[in-house]
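Peer 1: Below, each chain spelled out in residue letters.
Number of protein chains: 2
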Amino acid sequence: MIRLFIPHDLAAGGELALDPGQSRYLATVMRLAVGDELLAFNGRDGEWRVRITAVTRRAVAVRAEAPVRPQTVGPDLDLIVALVKRGRVETIVEKAAELGARRVRLVTTERTNADRTRVDRLTAIAIEAAEQTGRLDVPEILDPVKLEVLIGGWEPGRQLLFCDEAGDAPPILQGLTPPSRGEGEGEPWAILIGPEGGFSPSERRTLRALPYAIPVSLGPRILRADTAAIAALTLWQATLGDWTPKGAP
Amino acid sequence: MIRLFIPHDLAAGGELALDPGQSRYLATVMRLAVGDELLAFNGRDGEWRVRITAVTRRAVAVRAEAPVRPQTVGPDLDLIVALVKRGRVETIVEKAAELGARRVRLVTTERTNADRTRVDRLTAIAIEAAEQTGRLDVPEILDPVKLEVLIGGWEPGRQLLFCDEAGDAPPILQGLTPPSRGEGEGEPWAILIGPEGGFSPSERRTLRALPYAIPVSLGPRILRADTAAIAALTLWQATLGDWTPKGAP
Numbered sequence: 001m002i003r004l005f006i007p008h009d010l011a012a013g014g015e016l017a018l019d020p021g022q023s024r025y026l027a028t029v030m031r032l033a034v035g036d037e038l039l040a041f042n043g044r045d046g047e048w049r050v051r052i053t054a055v056t057r058r059a060v061a062v063r064a065e066a067p068v069r070p071q072t073v074g075p076d077l078d079l080i081v082a083l084v085k086r087g088r089v090e091t092i093v094e095k096a097a098e099l100g101a102r103r104v105r106l107v108t109t110e111r112t113n114a115d116r117t118r119v120d121r122l123t124a125i126a127i128e129a130a131e132q133t134g135r136l137d138v139p140e141i142l143d144p145v146k147l148e149v150l151i152g153g154w155e156p157g158r159q160l161l162f163c164d165e166a167g168d169a170p171p172i173l174q175g176l177t178p179p180s181r182g183e184g185e186g187e188p189w190a191i192l193i194g195p196e197g198g199f200s201p202s203e204r205r206t207l208r209a210l211p212y213a214i215p216v217s218l219g220p221r222i223l224r225a226d227t228a229a230i231a232a233l234t235l236w237q238a239t240l241g242d243w244t245p246k247g248a249p
Numbered sequence: 001m002i003r004l005f006i007p008h009d010l011a012a013g014g015e016l017a018l019d020p021g022q023s024r025y026l027a028t029v030m031r032l033a034v035g036d037e038l039l040a041f042n043g044r045d046g047e048w049r050v051r052i053t054a055v056t057r058r059a060v061a062v063r064a065e066a067p068v069r070p071q072t073v074g075p076d077l078d079l080i081v082a083l084v085k086r087g088r089v090e091t092i093v094e095k096a097a098e099l100g101a102r103r104v105r106l107v108t109t110e111r112t113n114a115d116r117t118r119v120d121r122l123t124a125i126a127i128e129a130a131e132q133t134g135r136l137d138v139p140e141i142l143d144p145v146k147l148e149v150l151i152g153g154w155e156p157g158r159q160l161l162f163c164d165e166a167g168d169a170p171p172i173l174q175g176l177t178p179p180s181r182g183e184g185e186g187e188p189w190a191i192l193i194g195p196e197g198g199f200s201p202s203e204r205r206t207l208r209a210l211p212y213a214i215p216v217s218l219g220p221r222i223l224r225a226d227t228a229a230i231a232a233l234t235l236w237q238a239t240l241g242d243w244t245p246k247g248a249p
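Residue numbers (the working numbering), protein chains in the order written: chain A, 1 to 249; chain B, 1 to 249.
Misleading hints may appear alongside valid ones.
Put simply, identical chains are the same to the list, so a pair is met inside one copy or across any two.
Below 20 Å or equal to it, Euclidean Cα-Cα: the simulated SDA-like pairs (lysine to any residue) are [said to hold, decoys possible]: (1) Lys85 <-> Gln132; (2) Lys146 <-> Arg86; (3) Lys146 <-> Asp115; (4) Lys85 <-> Ile125; (5) Lys85 <-> Ile52; (6) Lys85 <-> Thr206.
Hints listed in this document are in silico derivations from the structure and should not be mistaken for laboratory results. Being a predicted model, the structure only gives us computed values, none of them experimental.
Please construct the entire structure, taking both the sequences and the accompanying hints into account.
Peer 2: Quick look at the structure:
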């Protein structure tokens, strides 16, 4: 069944007019008609079964019929990525949504040569990926900031998995598994992925000196930024995140 | 430094004519000239420093000067993927090269609607990714076969990590970690990723009944085929593969 993120409040009986893009998608692309059902979520009210009540050339209206799943919230995990080429940033945002990151923070570093991106476009990609992956919220995409600004405003208590491609950091699984990290379950975390050219030596020194940073290595081969981001998100979810049901060994 | 995969034998002093594509890349795109150095590997003779000895309009010639790294071979890991949309198959091949798979086997299943692909194009993608990631071989890309043919010709002793999206399989990390799998280090493995529509119920029954198959789950969200492939390769390398130096805890 089609799943849509819609910004409106979802409550039984409410009738909602969808925006032009979603209306066109439902009526013209998917050829849905009055009476057809779909699923909707807004990041606050859980997932609802909604039914199409009107289709005009300009807009589709739906009515929320019944709640399907209560709202849940995934782990408090930020993905911090240096601005890389547009296509790779888009892949990273799509995968961050599939892999359950709560936020994507874009940073510029000494070796990034871009300082802006289309956050609205990245948000649209995050929404589409959230719709397809089945999550009940959409990861927030934040405007790019300089690495030193990000560090300067670091939230107390958030741990930082620093993916350090320079090679002498311990294997990532060691940085994520008990006993060193076993107590961290439920705590806020962030994963940091550098630009294709890597962090500069002075950036690496700064990052390694942060008391909340855990430098880790992602194996013996050079990974592109999107591969590194997916790999680190996966290992975090599989060890500390929601890939292991609570109470499982 | 530029790294190239070249099919020729690499030995000191040998002079080698590069193919037209690589010649154009070096001379026209990268504007290298006689005397410039690059790195070369062929999957057999390790990595060599080679020097350009001639640049004509038609071809670049190089001479192998000195070995840089001896040939090594990564873990014996196959990635088996159902044929999905072209762009996603290409991503999967690129990532399989970065993540150290030795082979990519393409399969058709009940729910794949394609039965052919451009293996030559996928091989070119694998070569480029191998050049960039620093490995000393190129993953082999095999022609698509039907799932039952693949199973019928299964190599004795190769274990199969069956990524089963149906949801009741144990978490992947459980399927990969000691004590259940600790003795498997160095053994041949394969990872199986289904098509976007999943395996059919009868395919799942067949796969789950294979004595060498370990069904595992990739978390609570629906992953696209490329994300699932990257996630499974990452977890395999981090637990049983070459991401943890031998002898490390």
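Peer 1: Now tell me, hint by hint, if it's right for this structure.
Peer 2: Verification of the supplied hints:
{"no.": "1", "hint": "Lys85 <-> Gln132", "result": "between (24 Å within a copy, 16 Å between copies)"}
{"no.": "2", "hint": "Lys146 <-> Arg86", "result": "within (18 Å within a copy, 36 Å between copies)"}
{"no.": "3", "hint": "Lys146 <-> Asp115", "result": "within (9 Å within a copy, 47 Å between copies)"}
{"no.": "4", "hint": "Lys85 <-> Ile125", "result": "both (16 Å within a copy, 18 Å between copies)"}
{"no.": "5", "hint": "Lys85 <-> Ile52", "result": "neither (40 Å within a copy, 31 Å between copies)"}
{"no.": "6", "hint": "Lys85 <-> Thr206", "result": "neither (25 Å within a copy, 43 Å between copies)"}
Consistency note: the structure conflicts with the earlier hints numbered 5 and 6.
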